[in-house]
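Novice: Residues per chain, in single letters:
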Amino acid sequence: MAQGADYYTDLGVSRDASPEDIRRAYHKAARELHPDVSDEVDATELFLRIQSAYDVLSDPVKRTKYDQSLPPQEKTGPVVSLSTIYSRETLLKINEPQIIYVMIELLAPPDAKTRPSPPMNVCLVLDRSTSMQGERMDTIKNTAVELIRQLRQDDLLSIITFSDRAEVLVSADKRTDKNEIEKKIKLIQPSGGTEIFRGLEAGFFEVRSRYSNSFANHIILLTDGRTYGDEGDCMRIADQAAIYGIGISGLGIGAEWNDAFLDTLAARTGGNSMYISQSKDIEKLLKEKFSGLGQIYAERVTFDLNMKPGVELNYAFRISPDANLLKSTSPIRLGMIPKEPGLAFVLEFLLDPIVSFSGTLPLAEGQISLDIPTRANPNCILSLHLSRQVSEIPDLEPPPTRLVNAISQLTLYRIQERANQYLVDGHPDDASRHLHNLATHLFSQGQNELARTTLQEADNIKQRGSLSETGKKAIKYGTRALLLPAGAHEPPNWPAEEVKKQ
Amino acid sequence: MINCPSCRHEEFIGALFCSECGTQLNYQSLSPPKTALYPGDTEPGSKPIDPESLRKAPSKPLPDTRLSLKVLDTGAIIAPEGESEFTLGRVSGSQPILPDIDLTPYQAYESGVSRLHATIKIEKMKIIVIDLGSANGTRVNGKKIPPHTPQPLENGDILTLGKFKLQVLIHL
Chain A
1 MAQGADYYTD LGVSRDASPE DIRRAYHKAA RELHPDVSDE VDATELFLRI QSAYDVLSDP
61 VKRTKYDQSL PPQEKTGPVV SLSTIYSRET LLKINEPQII YVMIELLAPP DAKTRPSPPM
121 NVCLVLDRST SMQGERMDTI KNTAVELIRQ LRQDDLLSII TFSDRAEVLV SADKRTDKNE
181 IEKKIKLIQP SGGTEIFRGL EAGFFEVRSR YSNSFANHII LLTDGRTYGD EGDCMRIADQ
241 AAIYGIGISG LGIGAEWNDA FLDTLAARTG GNSMYISQSK DIEKLLKEKF SGLGQIYAER
301 VTFDLNMKPG VELNYAFRIS PDANLLKSTS PIRLGMIPKE PGLAFVLEFL LDPIVSFSGT
361 LPLAEGQISL DIPTRANPNC ILSLHLSRQV SEIPDLEPPP TRLVNAISQL TLYRIQERAN
421 QYLVDGHPDD ASRHLHNLAT HLFSQGQNEL ARTTLQEADN IKQRGSLSET GKKAIKYGTR
481 ALLLPAGAHE PPNWPAEEVK KQ
Chain B
1 MINCPSCRHE EFIGALFCSE CGTQLNYQSL SPPKTALYPG DTEPGSKPID PESLRKAPSK
61 PLPDTRLSLK VLDTGAIIAP EGESEFTLGR VSGSQPILPD IDLTPYQAYE SGVSRLHATI
121 KIEKMKIIVI DLGSANGTRV NGKKIPPHTP QPLENGDILT LGKFKLQVLI HL
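Same order as they appear, the protein sequences are chains A and B.
Residue numbering for the first sequence follows our numbering, starting at 1 and increasing by one per position.
Residue numbering for the second sequence follows our numbering, starting at 1 and increasing by one per position.
To be clear, the hints were calculated from the coordinates, so they are not data collected in a lab.
Just to be clear, a hint being listed does not mean it is correct.
[As the list claims (entries may be wrong)] Taking beta-carbon pairs under 10 Å as the criterion, some of the chain B residues facing chain A (in silico):
id: 1; residue: L16
id: 2; residue: G22
id: 3; residue: Y106
id: 4; residue: E110
id: 5; residue: G112
id: 6; residue: N136
id: 7; residue: R139
id: 8; residue: D157
[Stated by the list, open to error] Lysine-lysine pairs mimicking DSSO-like chemistry, simulated, CA-CA at most 30 Å apart:
id: 9; chain 1: A; residue 1: K28; chain 2: A; residue 2: K62
id: 10; chain 1: A; residue 1: K339; chain 2: A; residue 2: K327
id: 11; chain 1: B; residue 1: K163; chain 2: A; residue 2: K472
id: 12; chain 1: A; residue 1: K284; chain 2: A; residue 2: K339
id: 13; chain 1: A; residue 1: K472; chain 2: A; residue 2: K327
id: 14; chain 1: A; residue 1: K141; chain 2: A; residue 2: K178
id: 15; chain 1: A; residue 1: K308; chain 2: A; residue 2: K28
id: 16; chain 1: A; residue 1: K462; chain 2: B; residue 2: K165
id: 17; chain 1: B; residue 1: K163; chain 2: A; residue 2: K473
id: 18; chain 1: A; residue 1: K287; chain 2: A; residue 2: K178
id: 19; chain 1: A; residue 1: K476; chain 2: A; residue 2: K280
id: 20; chain 1: A; residue 1: K65; chain 2: A; residue 2: K28
id: 21; chain 1: B; residue 1: K144; chain 2: B; residue 2: K70
id: 22; chain 1: A; residue 1: K462; chain 2: B; residue 2: K144
id: 23; chain 1: A; residue 1: K476; chain 2: B; residue 2: K163
Note that beta-carbon positions come from the ideal geometry of N, C-alpha and C, so glycine has one too.
With these hints in hand, go ahead and build the complete structure from the sequences.
Specialist: Now the structure itself:
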């Protein structure tokens, strides 16, 4: 924990935090920083500091006096707007399990657009294995050169190339001359195999060496191959990166890379995975990723949640600013909040039968921690309590349209997931039927090309018992893309229902 | 549990879409049928609707007007026998209501024909088509017709279901 300028930042709460928020933050910090458990060298000092912070802030008289001694705050507007949409107003009292969906949205304040964006500390980890030779590598080189030319004064860019070993092509530490970097990029020669761990580890070291919470810290991995045997090592790096708040995003080129692997890597860190079917799309997606990282409002958004007994988090998926699978265990790494259009994600909870309960049933309790890099004290924490009234009568109100639309598209994505699962489990007929059903919906949405691909793969399953890697990825990332707002996104409400002020 | 109206797959109460076929579940299906809550309860009206009862009453044959449909792609002739009303669609999996004429053998799926796409009625000296709210719509001579609204058909008309083209042949 960074040592802040005042007691509020020490505890990581806002100045209007409720006594309950303060108590919670204190317990959390105390658990992490207790000298018996913490490895940090100055743990004792930090621990004592949060002790005194809690001592003052938990006492209303001392807190008021302390507040008066503080300098006025730099910004008075709300930090972020937090809204929650439930699929139902009430839960049904019934002796069988039930499902409820919750969509959570975090929006930057409207004036964020006019504020400067934080600089980025980005590492490009480039697969330079033999298969990258030719158009793929040429496009990457040209795009990298263009991106370097567009870097802002404070941005840091490092480049790692890897095959079965890794080289630091450009280090984040050195302010190398841009022309010098361009020359180095042009000299990259593809050869060798694909060992992602080598590249990822080197990339992590680069970003970590210049890590700061006033930056957007990110690793972008570009690969076209499968890594063998070092997946576990890669996950360990991802977990370390997540603790630091360094996101990892993966761009997979062609048909051979392992999408499930890149998805997990991304989900553990709050990054995303993308599919590049043709070399010419490398430029577009890489530039989009960079411009996204350059338009950040808040970073390292992490959702710590505790499920109540009898409540299970079935599924978690981010639907904005990109569509990506999330971890369904706490803490959920949510990535960043762009200035626009906001961060939104959907949770599906499965509840045990509600037999004898009346009143308000708590589902989960949690805190969303985020850093706003442009602020002097970047960290802030929002509390979130998810609960619903229990009723004996079913709620017949139609669910909110936005939620229905999101779940509708998410259902298509999940049918694709189920089809793949059936195939893995050795039920090709079920897999094929799911893809047929999916194709029907895609046709009716006018997604004819994707629908035809889906039908083709349903036939492939029937005939050969498997689908093509290209088709599998096209369907997976194609149905994912349907989740993204294509101009149909409703304008965000500001202020949303639950607004936290600082 | 609730059952998907389209494929009968079981879903948890509160699910918004069928995880099997993607059909939107009516929010009212949140209320499980009473028979599920209290087995043995025979309260009238609590029975689930029998899909068969949704089908039209048996139709009377009209020998004086005969209709056949020519599949434009292949030239195949579909001649519904002795029916004065029939639905066009395709059979897929376990759907509750089957169309009278299954177009699956004519690549109906690929052409975007819905499971229950349209109904054709043969009335005295008049033949009409009604689109059943199909996903991809019905056209008569290239002009899209509004769903659930009867449209007259003439001899030689081109009837398009999704992208599936049929020529209407009427023999008086």
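Novice: Give a verdict on every hint.
Specialist: Hint-by-hint comparison with the structure:
no. : hint             : in the structure
1   : L16              : 5 Å, holds
2   : G22              : 5 Å, holds
3   : Y106             : 15 Å, violated
4   : E110             : 7 Å, holds
5   : G112             : 5 Å, holds
6   : N136             : 7 Å, holds
7   : R139             : 16 Å, violated
8   : D157             : 24 Å, violated
9   : A/K28 to A/K62   : 22 Å, holds
10  : A/K339 to A/K327 : 24 Å, holds
11  : B/K163 to A/K472 : 26 Å, holds
12  : A/K284 to A/K339 : 20 Å, holds
13  : A/K472 to A/K327 : 22 Å, holds
14  : A/K141 to A/K178 : 14 Å, holds
15  : A/K308 to A/K28  : 18 Å, holds
16  : A/K462 to B/K165 : 28 Å, holds
17  : B/K163 to A/K473 : 27 Å, holds
18  : A/K287 to A/K178 : 18 Å, holds
19  : A/K476 to A/K280 : 20 Å, holds
20  : A/K65 to A/K28   : 25 Å, holds
21  : B/K144 to B/K70  : 20 Å, holds
22  : A/K462 to B/K144 : 35 Å, violated
23  : A/K476 to B/K163 : 26 Å, holds
Going through the hint list in order, the structure does not satisfy hints 3, 7, 8 and 22.
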